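Line by line, the protein sequences give chains A and B. Residue numbering for the first sequence follows the numbering used here, starting at 1 and increasing by one per position. Residue numbering for the second sequence follows the numbering used here, starting at 1 and increasing by one per position.
Worth double-checking, as some hints may not be accurate.
Just so you have them, the derived chain B footprint on chain A, three or more residues with Cβ under 8 Å [claimed, not checked]:
| hint | region |
| --- | --- |
| 1 | 76-89 |
| 2 | 194-206 |
| 3 | 211-223 |
| 4 | 294-303 |
Across the chosen pairs, the derived CB separations fall in these ranges [claimed, not checked]:
| hint | chain 1 | residue 1 | chain 2 | residue 2 | range |
| --- | --- | --- | --- | --- | --- |
| 5 | A | ASP220 | B | TRP85 | 24 to 32 Å |
| 6 | B | ARG82 | A | ALA265 | 48 to 56 Å |
| 7 | A | GLU30 | B | ALA277 | 36 to 44 Å |
| 8 | A | GLY32 | B | SER208 | 31 to 39 Å |
| 9 | B | ARG82 | A | SER263 | 50 to 58 Å |
Below, a sample of chain B positions facing chain A; criterion: calculated Cβ distance under 8 Å [as the list claims (entries may be wrong)]:
| hint | residue |
| --- | --- |
| 10 | ASP57 |
| 11 | VAL70 |
| 12 | ARG153 |
| 13 | ASP260 |
| 14 | ALA264 |
| 15 | LEU266 |
What the hints contain is simulated information worked out from the structure, not anything from laboratory work. Predicted model only: the values in this text are computed from it and were never measured. Where a beta carbon is used, it is the ideal one built from N, C-alpha and C, also for glycine.
There are 2 protein chains.
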Amino acid sequence: MLAMRSLPDPPAPAAALPPALPPAGTTVGETGEFELLALLTPRLPQGPDVVVGPGDDAAQVRASAGGLLVATDVLVDGRHFRRDWASAVDIGHRAAAQSLSDINAMGGRATAVTVGLATPADVEVAWLVDLSDGIASECASVGASVVGGDLTRSEVLTVSVTALGTLDGPGVAAGLRSGARPGDVVALCGRQGWASAGLAVLSRGFRSPRAVVEAYRRPDVPYGAGAEALEAGATALIDVSDGLVADLGHVARASGVRIDLSSAALTVDEPLRAVGAAVGVDPLSFVLGGGDDHPLAATFPPQTELPARWSVVGTVSDGGLEGAPGGPEVTVDGAAYQGAPGFRHF
Amino acid sequence: MLAMRSLPDPPAPAAALPPALPPAGTTVGETGEFELLALLTPRLPQGPDVVVGPGDDAAQVRASAGGLLVATDVLVDGRHFRRDWASAVDIGHRAAAQSLSDINAMGGRATAVTVGLATPADVEVAWLVDLSDGIASECASVGASVVGGDLTRSEVLTVSVTALGTLDGPGVAAGLRSGARPGDVVALCGRQGWASAGLAVLSRGFRSPRAVVEAYRRPDVPYGAGAEALEAGATALIDVSDGLVADLGHVARASGVRIDLSSAALTVDEPLRAVGAAVGVDPLSFVLGGGDDHPLAATFPPQTELPARWSVVGTVSDGGLEGAPGGPEVTVDGAAYQGAPGFRHF
Numbered sequence: 001m002l003a004m005r006s007l008p009d010p011p012a013p014a015a016a017l018p019p020a021l022p023p024a025g026t027t028v029g030e031t032g033e034f035e036l037l038a039l040l041t042p043r044l045p046q047g048p049d050v051v052v053g054p055g056d057d058a059a060q061v062r063a064s065a066g067g068l069l070v071a072t073d074v075l076v077d078g079r080h081f082r083r084d085w086a087s088a089v090d091i092g093h094r095a096a097a098q099s100l101s102d103i104n105a106m107g108g109r110a111t112a113v114t115v116g117l118a119t120p121a122d123v124e125v126a127w128l129v130d131l132s133d134g135i136a137s138e139c140a141s142v143g144a145s146v147v148g149g150d151l152t153r154s155e156v157l158t159v160s161v162t163a164l165g166t167l168d169g170p171g172v173a174a175g176l177r178s179g180a181r182p183g184d185v186v187a188l189c190g191r192q193g194w195a196s197a198g199l200a201v202l203s204r205g206f207r208s209p210r211a212v213v214e215a216y217r218r219p220d221v222p223y224g225a226g227a228e229a230l231e232a233g234a235t236a237l238i239d240v241s242d243g244l245v246a247d248l249g250h251v252a253r254a255s256g257v258r259i260d261l262s263s264a265a266l267t268v269d270e271p272l273r274a275v276g277a278a279v280g281v282d283p284l285s286f287v288l289g290g291g292d293d294h295p296l297a298a299t300f301p302p303q304t305e306l307p308a309r310w311s312v313v314g315t316v317s318d319g320g321l322e323g324a325p326g327g328p329e330v331t332v333d334g335a336a337y338q339g340a341p342g343f344r345h346f
Numbered sequence: 001m002l003a004m005r006s007l008p009d010p011p012a013p014a015a016a017l018p019p020a021l022p023p024a025g026t027t028v029g030e031t032g033e034f035e036l037l038a039l040l041t042p043r044l045p046q047g048p049d050v051v052v053g054p055g056d057d058a059a060q061v062r063a064s065a066g067g068l069l070v071a072t073d074v075l076v077d078g079r080h081f082r083r084d085w086a087s088a089v090d091i092g093h094r095a096a097a098q099s100l101s102d103i104n105a106m107g108g109r110a111t112a113v114t115v116g117l118a119t120p121a122d123v124e125v126a127w128l129v130d131l132s133d134g135i136a137s138e139c140a141s142v143g144a145s146v147v148g149g150d151l152t153r154s155e156v157l158t159v160s161v162t163a164l165g166t167l168d169g170p171g172v173a174a175g176l177r178s179g180a181r182p183g184d185v186v187a188l189c190g191r192q193g194w195a196s197a198g199l200a201v202l203s204r205g206f207r208s209p210r211a212v213v214e215a216y217r218r219p220d221v222p223y224g225a226g227a228e229a230l231e232a233g234a235t236a237l238i239d240v241s242d243g244l245v246a247d248l249g250h251v252a253r254a255s256g257v258r259i260d261l262s263s264a265a266l267t268v269d270e271p272l273r274a275v276g277a278a279v280g281v282d283p284l285s286f287v288l289g290g291g292d293d294h295p296l297a298a299t300f301p302p303q304t305e306l307p308a309r310w311s312v313v314g315t316v317s318d319g320g321l322e323g324a325p326g327g328p329e330v331t332v333d334g335a336a337y338q339g340a341p342g343f344r345h346f
């Protein structure tokens, strides 16, 4: 951090206790905007980098010398989450994790978050408070403050989270998708396929195995692993939000290389095998095609000593894509992958 | 700006020409997410402060020593705009202006913007491109880059804009709502009431006077006026987005003061008088209660020489609110204002 003696000291945390919740069952439509904000705002984490927190026209956060990272993700009810499949707290965790993971995937540390929330009138205030608490809790787990946002009405519950982050250490360059080179190894950090297996279970009307259902509801993001990867010399870095093959395809295209995954090197954890057997699907498809877990994938020069949480799952070779447009940029055991192409927003 | 020799030079603007638009009438639902992003992204402005622009997990922007400002606003179709009342370009301008104005209202300069866009399948691609162009154009007008965002599907068109900004000059403190002191004058910069008069016209099925309709469609924000106000010694600063009385109420409550507006000092421009006469409304109500124009209001110590664009419209007196909760914090010519309380989001 820069020394910034000219700035005022950060404000103390929003002192007073939050107001009591309204009676159970009270809806957003029965409650005023300012009343809702008065309920939600005192519950939001405010760290030492916050100069001006929620409640003014904009928030002010201390800046760092390493440059500023920013990422926005939008989650839409019925498309990215279902209120009957996950609690409000879980949905809040997931909404925050999605943007915080993007900062992780640049090798950064998240510092602050804003939340744009559009909500139907019939949503209960208690549900909204839980959603906000989930966002706050996920942010607090990485030391990020929730510094502001917007609250409005809509027919469709929509949560837009913008995460700000910083690259610690002077001269650190962000981990991009475009730096993979032939000869590099591909490595993965964090569980992968669990959320997809959980979704397969939920969409068939079941609620177990519990471990994968909970993984779908609330991702376990390997925060800090991006910075570890940069320090170890990663050449490209991305988070796996749409599917391992799909997201490594972004790296391959941005870097002009081909990537081959080794199925033997990919971990297919026991709960995934159980779900695969139960629903009649190759459990490797959860690992190759599933999204929403937010592990990190990176490429490293060969012979790099990987950080403890990382393991090699594939190799990078010469792209030579010019001559073969449309050919598979990502293969599995040398062959095109025929499974799900990953989550598509359109 | 900090000298940051350790950072790479900014990338050249996204070189290639944008791809050609699909045939007229093609909808978002007939088009892939990546195809849409390929259409929209090359059209976005990328200034010299952008280190990593759109297309990676997060964007990277150079940070400044003055600390970072951030504001998020959400606009919902049918609530904050109507597609039959304004063009896509106008709606884009307005969506960007709303967040850029928040940076102005802290005394800052906007540097970068992210956009979270949720769109129904039946929206035409050409409409979406126009919306994006409107956002880009408003941002470019203040030198802000559009560095990223998210694009997804929803039943309700929703535009969430996060603006990042900086306070130029070391040691500059942001202009808050809480600094007004008894004896200060209240001043206004920028036109006020025009958008509200335009809305009154449109909601009655008319399209003229054209000047106010256009003001509703696309605000004319006095960018830079916030920094001017800080330099002149402003004690409190806010943008008028919900209504002059309503927003000055925020200043009065945050500062613990009362504010009295002078109707004789408020400008009621000719088009507002015309609309007032046509619809049978006191045109001063547009000025006192109308939102969406985004002028700035500020308080200054008495005898301050105001910057050229600013004019005095009222005075600040001792709050003494403890003894009279619920009493009017903002009066007009010494009396409570009985008009519209301003736009409510709930």
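Results of checking the hints against the structure:
1. 76-89: Holds, because 3 residues of the region 76-89 of chain A bring their Cβ atoms closer than 8 Å to Cβ atoms of chain B.
2. 194-206: violated (count 0)
3. 211-223: violated (count 0)
4. 294-303: With 0 residues in contact (Cβ-Cβ under 8 Å with chain B), the coverage given for the region 294-303 of chain A is violated.
5. A:ASP220 x B:TRP85: 24 to 32 Å: Hint violated: Cβ distance 46 Å, outside 24 to 32 Å.
6. B:ARG82 x A:ALA265: 48 to 56 Å: holds (54 Å)
7. A:GLU30 x B:ALA277: 36 to 44 Å: About 39 Å separates the Cβ atoms of GLU30 of chain A and ALA277 of chain B, which means 36 to 44 Å holds.
8. A:GLY32 x B:SER208: 31 to 39 Å: holds (35 Å)
9. B:ARG82 x A:SER263: 50 to 58 Å: holds (53 Å)
10. ASP57: holds (4 Å)
11. VAL70: Cβ of VAL70 of chain B sits 5 Å from chain A, so the hint holds.
12. ARG153: Since chain A brings a Cβ to about 6 Å from ARG153 of chain B, closer than 8 Å, the hint holds.
13. ASP260: violated (23 Å)
14. ALA264: violated (28 Å)
15. LEU266: violated (22 Å)
The structure shown violates the earlier hints numbered 2, 3, 4, 5, 13, 14, 15.
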